[in-house]
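Enquirer: Starting from the given sequences, assemble the full structure and let the hints guide the process.
Position one of the sequence shown corresponds to residue 1 (full-length UniProt numbering), numbered consecutively onward.
Everything labelled a hint here was simulated from the structure, so no lab data went into it. One should not assume that every hint holds.
[To be verified] With beta-carbon atoms standing in for the labels, derived distance ranges:
no.	residue 1	residue 2	range
1	ASP103	GLY63	22 to 28 angstroms
2	ASN62	PRO121	18 to 24 angstroms
3	GLY170	THR60	38 to 44 angstroms
4	GLY38	GLY172	17 to 23 angstroms
We treat Cβ as the ideally placed atom computed from N, Cα and C, and that holds for glycine.
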Amino acid sequence: MNKRIIFYLAIAVFIIFGSIDTADAYTVHPGTFTDPSGMTFGTYIGGAEGYGYIPPTSYTWNGNCKAGAGSCFSKNGNTRDWYYIQDTNGPNNPNPLTGLRYDLGGQANKVVVFPLIDHAPVGPESWEYNVYLSNDQVTWTSATLIEYYLEGWTPDPNISDGYTTVWALGSGVTARYVSVTAGNNGNPDSSFYFASFDNEIDAVAGLTESGGGLNTVPEPSTYLLLGSGIAGLALWRRKKSSLRKG
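Expert: The following block contains the structure:
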């Protein structure tokens, strides 16, 4: 089954016209998610009960651990590479403290989640989780699904890279840590409800409110403006000092 197939006929009809802004304020993109400049993947902290590997071109799975030193949870959870970790607590225990927790490496307003699909139904298996953000891992705020990409992060014939999703806090609100829990309780609307008892998450990454990576290097023009401002301030202070002496 091609992963472009989505279960809402109205959306399927309009895919050819490009991204669709829905009445529920989330946007459906027919293509792939493009990594913004400066995007880095979150570092796994804890909360996983399972791990495995899903081949790019099929909806199958195995319990493989990525080779190398370190725990299987960290190795499978820190990089986008078809290896996944999962929260198996199910929809009846949506506590963010029991979800997959990551350090985003900086203050993020948005989080992009890269899920994997191991079986049907293809759509719900791509959003079988809720996303929460926190600055202290004590108080958690629910993020809202605002975008998803029907081709995941790689085009067909790769099909197991789910619908890549983007979740956001309110304008101006940022957080350092993210928790991805099993089961979707209807975020952003009741049509997304999916009582999954586990999830398969390849990786997550924090984004700025404008959608950039957290480690984005300012453009040279930004440095030029900053330098001009500093130079202008220095000149103003010299002039002010000269007036005092005069």
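Enquirer: Determine for every hint whether it applies to the structure shown.
Expert: Each hint, compared with the structure:
1. ASP103 / GLY63: 22 to 28 angstroms: Cβ of ASP103 to Cβ of GLY63: about 25 angstroms, so the range 22 to 28 angstroms holds.
2. ASN62 / PRO121: 18 to 24 angstroms: This hint holds: roughly 21 angstroms between Cβ atoms.
3. GLY170 / THR60: 38 to 44 angstroms: Since the Cβ atoms of GLY170 and THR60 sit about 39 angstroms apart, the hinted range of 38 to 44 angstroms holds.
4. GLY38 / GLY172: 17 to 23 angstroms: 20 angstroms Cβ-Cβ, so the 17 to 23 angstroms window holds.
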